[in-house]
Amino acid sequence: WPFEDGSSLVFTRDVTETADSIAQFSAADAQAYVAMWEAFQPMLDDYLIPMTYELPMPALDQLSAFNETPVGIALHQISEMDMLELVDFYGFTHPRIRMALLSFPAMWGINLEDPLGFLFPLYLGRMMDAAFVKGGSHRLSSALFRSFVGAGGTIVDENEVSRIVMEDGAAVGVRLADAREFRADAVISTLNPVQTFEQLMTVDEVPPLLAQKVEKWEWEERSLFGLHLGIDGRVNYRAAATDPRINEAMTVFIGPETEDDLLDHLEGIDDGSCTTPEWLHITLPSAHDATMAPPGHTVLRAEAVVAYDPAWRERSKDYASRCIELIKAHAELGEIVLQREVSPVDIEQKLTTMTRGSYKHGAYSTLQLGFLRPNDLCSHSETPIEGLYLGGASMYPGGMILGGCGYLAAQVVGEFLEKPIVTSKTASDEP
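Per the working numbering, residue -11 is the first one in the sequence shown, and the count goes up by one each step.
Rather than coming from a laboratory, the hints here were simulated on the basis of the structure.
Glycine included, C-beta positions come from ideal geometry on N, C-alpha and C.
Certain hints may be false.
Have a look at the derived ranges for each label pair, beta carbon to beta carbon [said to hold, decoys possible]: (1) 226 with 191: 22 to 32 Å; (2) 249 with 166: 51 to 61 Å; (3) 406 with 190: 27 to 37 Å; (4) 191 with 16: 32 to 42 Å; (5) 118 with 200: 33 to 43 Å; (6) 79 with 191: 47 to 57 Å.
In the DSSO-like style, the derived pairs of lysine-lysine whose C-alpha atoms are separated by at most 27 Å in a straight line are [claimed, not checked]: (7) 348 with 305; (8) 122 with 204; (9) 338 with 122; (10) 338 with 348; (11) 316 with 305; (12) 316 with 348; (13) 348 with 204; (14) 201 with 348; (15) 122 with 348.
Turn these sequences into a full structure, and let the hints guide you.
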């Protein structure tokens, strides 16, 4: 975080190093950060990370499991706090430190006043251990593509499923837009529940109780506006004069100076009064991966938390210009030679399962997380409809490229087909 007065705040994987940066502003908050991480690490190791790759329990069963250990009890204690209560609980008082900590969940669309405290260790840990896919994120999807095809799979490009084929109340295949049909012993949908159960199936094919639950599915209130720049030259943050690590950081936040600034900005997004960029998180992929730009050039990627608006296409150019103005207030840029904008409307159009720019496929709320994602009938991948399974971000554990949804779906479908999936974990359990 480079601030207007030339100071900066730096978070790294090293807890002590981060505490030293925090201590510039508050020695007490530095101590609080160390103590918080000492509490969070066992929560992550013993519960939160393993739970991501295990089928969810009903809330009361999960509570009972938490209460079996001191770490679980501590996790339960913060689970139903909102993010503001959580930073209070751990004793943070400095407005800049509180702003920075609250930014980690807020940058991913989490409402800071929702009782989702159990997510905070996950988001903080995720940001402290963030990584790039060398060569660009498309390399990850390409690797999955090659693995699938190598295992004998077939991928049909440039076509869409128009209908889930049903026979005698069971899903037996899919029909494509070009009228071709593929029959199968199991059908897995990675789409959102509205697409799966309302658009690809008829009303009489979906059990009434499931249909009622799908009707209540809520989209995310906040999305992202993306700005991509190709720059002839480098990006140099002015705050790097006092801390060179700013230029080396994977993510740089600019805009809000205090907790109140951040909260006012988020309130303005939600009520529609904020229509200009006031808060950006910026990444320079080419600073960490030379394959991303020609020699002497820089690739810059900036994102702003925004609300969905059907008119985004008309607003994008002006909004992008204002983003660039905000960036230039904190950094020296070379000549911009390439520019692309990605609005929530563009997200929705390119990835149709991300309705209203919902990049996690639906809101993160108490009624759409854990055993209730997307609902209590489908959170274990299996649906009430024989042969139909879920495997996308609208299923537990959710979005953010965790790999958990597909991993769990593979286990469940493998059992249904009587072809168990062998993983490193199951293999290690064998004698």
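Here is how each hint holds up against the structure:
Residue 226 and residue 191 have their C-beta atoms about 60 Å apart, which leaves the hinted 22 to 32 Å range violated. Taken as a hint, the range 51 to 61 Å holds for the pair residue 249 and residue 166, whose Cβ atoms sit roughly 52 Å apart. For the pair residue 406 and residue 190, the supplied restraint of 27 to 37 Å holds, since their beta-carbon distance comes to about 30 Å. At about 59 Å, the CB distance of residue 191 to residue 16 disagrees with the hint of 32 to 42 Å.
The given range of 33 to 43 Å is respected by residue 118 and residue 200, whose C-beta atoms sit roughly 39 Å from each other. Take residue 79 and residue 191: their Cβ atoms lie about 53 Å apart, and the range 47 to 57 Å holds. Among the hinted pairs, residue 348 with residue 305 is consistent with the structure: their alpha-carbon atoms are about 25 Å apart, no more than 27 Å. Between residue 122 and residue 204 the CA atoms are separated by roughly 40 Å; this puts the pair beyond 27 Å, and the hint is violated.
For the suggested pair residue 338 and residue 122, the alpha carbons sit about 23 Å apart, so the restraint of at most 27 Å is met. At roughly 14 Å between alpha-carbon atoms, residue 338 and residue 348 fall within 27 Å of each other, so this suggested pair holds. For the hint linking residue 316 to residue 305, the alpha-carbon distance of about 17 Å falls within 27 Å, and the restraint holds. In summary, the hint linking residue 316 to residue 348 is not supported, as the alpha carbons are separated by about 31 Å, beyond the 27 Å threshold.
A threshold of 27 Å between alpha carbons decides the hint, and for residue 348 with residue 204 the separation of about 16 Å falls inside it, so the pair holds. A C-alpha spacing of about 18 Å is found between residue 201 and residue 348, which places the hinted pair at or below 27 Å, so the restraint holds. Distance hint between residue 122 and residue 348 is fulfilled; the C-alpha atoms sit about 23 Å from each other, no more than 27 Å.
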